[in-house]
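Read off the chains here:
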Amino acid sequence: MTGAPPMGTVEQHDLADEIYQLLIAQGTLFALHAPIRQTLTNLTEFLALRHQYDRETLAAGIETALEADPRFTREEVAGEVRFVTSRHGAYMPRQEVDTHSFRQRLHEPEHPLPVDDISVVVSTSRPAITSVEPVYISDYWQVQVGITPVEDGGDEDEAETGQFVAPIHEPVASTEGVKSPVVAFDEVLSPADVVTLAETESAITAQTTGEQEAAESEVLQPDMPQTLVEPVEGETITHAPVAPVAPVTPVPSVQMPPAGRQTVERATIFTLPDGTMIDLRQPSEALLAEHGSALAQLLADKIEQDPLRRIVSFGRYYFPEANVVNLGKNDLRKIREYMLERNEPLLDAELINDVFYHNARQADYEGLRFSINYRLHREKDFEFVGVEGANLWSTRGLPVIGGKRIKAAEMGQITSYLVEGFDDSRDSIDGGTATEVTSVTHQLTFFEWEYGIIPLDAALATLLPGPVLTDQRSAVLRFDSPQRYSQVLVEVRYPTGNRGGWLQGFEEFFHEHLVPSALVTLTRTDEPGIFTLTYEEGNESDERILTFDEKKNKLGFNNVTFYCAIDEDLLPSQSRLGRLNRLKAFPMGERRKAEMILEHVAEVIGEQVGTRAEPQYAITLDDFFVAYNVLRPASKRLLRSLLEHSPGFVADETTPDLFTYVPMTGTDVEANEDEDEEQREPEVSRADVPPTRRRYGGRYDEDDE
Amino acid sequence: MDAKMITFGDTAMEKLLQWLRSVGEPKDIDDLLRQYLEILSSLVMEENE
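As given, the protein sequences belong to chains A and B, one line each in that order.
The numbers in the working numbering rise by one with no breaks, and the one at position 305 of the first sequence is 305.
For the working numbering, count along the second sequence from 1 and bump the result up by 1000.
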């Protein structure tokens, strides 16, 4: 090691440069203005080794060189000399003083408002709902502090001291041994704690700027409750006291038991618009069991009334409108074309599979299914004909199920007796036991057999599914015949208003396999929308029974061979209804007039018991029932009511269910009938003939052939 | 929340909508009602604690 060369100004400058480069290398990753410190000892040792200089001489040279260089600042900490610099050059300590803070400008504005205008900046109006919210103090601090709980004493304290005291929990017993360094609030509350607003601001400023180190210390401090201050002019405002905390040794971690939460008693009962009280403390299942239907209806109504339509529904199902998949015109066209190609109503699942190529394993399947149903329901070209669990869709252009022999409006009027209180289909069923109906047996009348229509009476209504949608007018069901290995699509027309409902579409099946008075059984299956149609088979029989020639619009009797069991009392055989032979039938539009049909049936079928000048017709209720149901469906209850209330009908006092009909028309009417028959016979089949009583004979006219 | 402030069908409907969106599939009215009652119950009972 050699002695250090004597340093001139140039050498000092070179040495200072070398040291600066060393420190820059040391602080490569430092911020530009961050201090880079190095001790004189380390610098001397490093440079002495590098240049083989004498340490003492070099140390003196370094100190001299760096003190002369403005980029370095000399520090002496605990007797050790250090030099500080930064990548930017001379290290300048950061100035923490903020001379342009929002807080300063807020509290010390350049042009402060006069105190009179304090209302300009502070609203004096109270909020609409004045409620004092408790300040929550964490469980941890409550346990640490061990403060005695204050049970609902906040109001009293507030009244006395003008300050809000947060409700505090009971201390946990197991933590009683923990020494608390905190003094109780009441004890430390002194007049010195009552400060004015200006003093408070300065105190807050001082506390927030200079207490950082204190915050980092391990001294325990409780969370202080926030003070609610209502600035009122000239009034001294009391802040929550800050408890002086004595520095204590750190408390070792204590195993804390779970602290209970403060219970604030609030009402748990709300009232529905109808006055029903709902207690939300009850489990949901109990509430659903007790008020489920009412709540569901109310919720559904509320969702429907939502002007934003955030949740939309289809039947019983609900989905966010934003999640509904939109179907374009092209999609709707494809659906319609596919349905026309299949030539029958289709399930939504078939549409998804065959048109959209989606299968049930895909995550968005149910969403797409709902979307299709929801969108199709809003389109005019599509009609929902499904039932719960089987969303079936029909479209314009598909063949009409059940044909067009009878208009829906006419049939609705004819079956109106079902909704007018004359439905006796459930009279034989005990109301208490008939909760679950799985099959219904029905005896076919001539009208039902001829047109393939069965009135939707109460017994059938309990068997068949009801409408899914409020505006649904019909549903399409499939009836399988296990005896004939065939199936038939049947349309259920639901009752609307004062019009009854019915099932149509059985015509072909009935004509092929059954005769009037046959007993059919309709049975529900596990599949929604699919039923079975069975009948009691019998030996081969040959009867001459009533038939209707549609082309000639005439009734007649033909030999029919059939293989089903029948009810002899209801069979429209020639021996029983022979007088109907070759008579023309009423137009369907006139058959809705129940009383008119009743009188006409009495005249045609009844036994003449009067004189030629004053005819009287006697007929039993059973014969009435069979003959009446040739023209239109009716229940025995309806017939009995008609017979009891129609003028001209008298019940026989000796024979039950025997009635005598005395026509109210006189001889003039009979005389005119012959003329009317000749003049109006060509118009008999027209529906626009006014149905007056004097023309009854014109409807059932004997054939000349 | 105080139960007296509840208007059935209006209060917390956004939470019901949020749940329905999160489920991702249509729900029938019974499920919807059950969930709505749960939401209302939690609103009232949680703030009681």
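None of these hints come from the bench; they were simulated from the model.
Nothing here was measured: the structure is a model prediction, and the numbers come from that model.
Cβ coordinates follow ideal geometry from the N, Cα and C atoms, glycine included.
Some hints could be false.
[What the hints assert, rightly or not] The calculated lysine-lysine pairs, modelled on DSS-like cross-linking and capped at a C-alpha distance of 25 Å, are:
hint	chain 1	residue 1	chain 2	residue 2
1	A	Lys404	A	Lys380
2	A	Lys302	A	Lys334
3	A	Lys302	B	Lys1015
4	B	Lys1004	A	Lys302
5	A	Lys551	A	Lys593
6	A	Lys302	A	Lys329
[Unchecked claim] Simulated restraints on C-beta separations:
hint	chain 1	residue 1	chain 2	residue 2	range
7	B	Glu1046	A	His88	24 to 30 Å
8	B	Lys1004	A	Glu321	48 to 54 Å
9	B	Gly1024	A	Gly538	42 to 48 Å
10	A	Pro273	B	Gly1024	41 to 47 Å
11	B	Gly1024	A	Glu512	46 to 52 Å
12	A	Glu527	B	Glu1046	21 to 27 Å
13	B	Lys1004	A	Ala289	43 to 49 Å
14	B	Lys1004	A	Glu108	44 to 50 Å
15	A	Asn326	B	Glu1046	37 to 43 Å
Quick rundown of the hints versus the structure:
1. Lys404(A) with Lys380(A): Cα-Cα ~22 Å, so holds.
2. Lys302(A) with Lys334(A): violated (35 Å)
3. Lys302(A) with Lys1015(B): holds (15 Å)
4. Lys1004(B) with Lys302(A): It holds: about 18 Å lies between the C-alpha atoms, which stays within 25 Å.
5. Lys551(A) with Lys593(A): holds (24 Å)
6. Lys302(A) with Lys329(A): violated (31 Å)
7. Glu1046(B) with His88(A): 24 to 30 Å: For glutamate 1046(B) and histidine 88(A) the Cβ distance comes to about 55 Å; the hint is violated.
8. Lys1004(B) with Glu321(A): 48 to 54 Å: violated (31 Å)
9. Gly1024(B) with Gly538(A): 42 to 48 Å: violated (56 Å)
10. Pro273(A) with Gly1024(B): 41 to 47 Å: Distance hint for proline 273(A), glycine 1024(B) is violated at roughly 32 Å.
11. Gly1024(B) with Glu512(A): 46 to 52 Å: holds (49 Å)
12. Glu527(A) with Glu1046(B): 21 to 27 Å: Roughly 45 Å apart at Cβ, these two residues miss the hinted range, so it is violated.
13. Lys1004(B) with Ala289(A): 43 to 49 Å: violated (24 Å)
14. Lys1004(B) with Glu108(A): 44 to 50 Å: Given range 44 to 50 Å: holds, Cβ gap about 46 Å.
15. Asn326(A) with Glu1046(B): 37 to 43 Å: At roughly 38 Å between Cβ atoms, glutamate 1046(B) and asparagine 326(A) fall inside 37 to 43 Å, so the hint holds.
Checked against the numbered hints listed earlier, the structure breaks hints 2, 6, 7, 8, 9, 10, 12 and 13; every other hint is satisfied.
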